[in-house]
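The residues making up each chain are set out below.
There are 2 protein chains.
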Amino acid sequence: MQPQTPYYAVIFTSTRTDGDKGYAAMAKEMEQLAQGQPGFLGLESAREEIGITVSYWKDLQAIAQWKKHTDHLMAQKKGIANWYSWYKVRVCLVEREYDFTK
Amino acid sequence: MQPQTPYYAVIFTSTRTDGDKGYAAMAKEMEQLAQGQPGFLGLESAREEIGITVSYWKDLQAIAQWKKHTDHLMAQKKGIANWYSWYKVRVCLVEREYDFTK
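Protein sequences appear in the order of chains C and H.
Sequence positions in the first sequence follow the working numbering and run 286 to 387.
Sequence positions in the second sequence follow the working numbering and run 286 to 387.
Please keep in mind that the hints were generated in silico from the structure rather than gathered at the bench.
Keep in mind that this is a model prediction, so the values were computed, not measured.
Do not take every clue at face value.
[What the hints assert, rightly or not] Calculated cross-link-like contacts (lysine-lysine; reagent style DSS-like; alpha-carbon spacing at most 25 angstroms):
#	chain 1	residue 1	chain 2	residue 2
1	H	LYS313	C	LYS373
2	H	LYS343	C	LYS387
3	H	LYS313	H	LYS387
4	H	LYS313	H	LYS343
5	C	LYS387	C	LYS306
6	H	LYS363	H	LYS306
7	C	LYS313	H	LYS373
8	C	LYS353	H	LYS387
9	H	LYS387	C	LYS313
10	H	LYS373	C	LYS373
11	H	LYS313	C	LYS387
12	C	LYS387	H	LYS362
13	C	LYS353	C	LYS387
Can you build the whole structure from these sequences, using the hints too?
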């Protein structure tokens, strides 16, 4: 993934409730669904004590469309009801980036 | 942590080389050191296949100061030499945020 700045990042941080309760399957499904959305640029995810998922988007319109996607709305509802004890969403403009590869 | 937007996030994503080689101790030390820097607002971190560390800062000046901190510079050098096979740094303006707590 090598988009040119500026583009957008959505930082989703969360803590899980106990037990899977269908979470892993949903997470995989949402990741695949996001990849097919207009303006999707990439997604990175890791979970230890806290879960961090960062998705990358072309612009705010792409983020707004993905937020309102029917299947994603259902996952958001289930997330609040079952899967997360806490989450936070940050919508960010990526202004600058650099990388290193060995 | 409840800073008001806008503020800045630095998204540091990385993949590790094999073996610890002093990495865990350095990571803990850098986290503690960052917490004492001017303009530091918070830090969140998780690693599975990929590592994601997001640090939050008041402004670009705070990020520039932290990047140039002597001990942090040494850790960056060792990171390139020993600990990381790949990393990417994104400097982002947090424009909007919302959260949920059960």
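Now the hints, each set against the structure:
| no. | hint | verdict |
| --- | --- | --- |
| 1 | H:LYS313 with C:LYS373 | 24 angstroms, holds |
| 2 | H:LYS343 with C:LYS387 | 32 angstroms, violated |
| 3 | H:LYS313 with H:LYS387 | 30 angstroms, violated |
| 4 | H:LYS313 with H:LYS343 | 22 angstroms, holds |
| 5 | C:LYS387 with C:LYS306 | 40 angstroms, violated |
| 6 | H:LYS363 with H:LYS306 | 10 angstroms, holds |
| 7 | C:LYS313 with H:LYS373 | 24 angstroms, holds |
| 8 | C:LYS353 with H:LYS387 | 22 angstroms, holds |
| 9 | H:LYS387 with C:LYS313 | 23 angstroms, holds |
| 10 | H:LYS373 with C:LYS373 | 23 angstroms, holds |
| 11 | H:LYS313 with C:LYS387 | 23 angstroms, holds |
| 12 | C:LYS387 with H:LYS362 | 13 angstroms, holds |
| 13 | C:LYS353 with C:LYS387 | 40 angstroms, violated |
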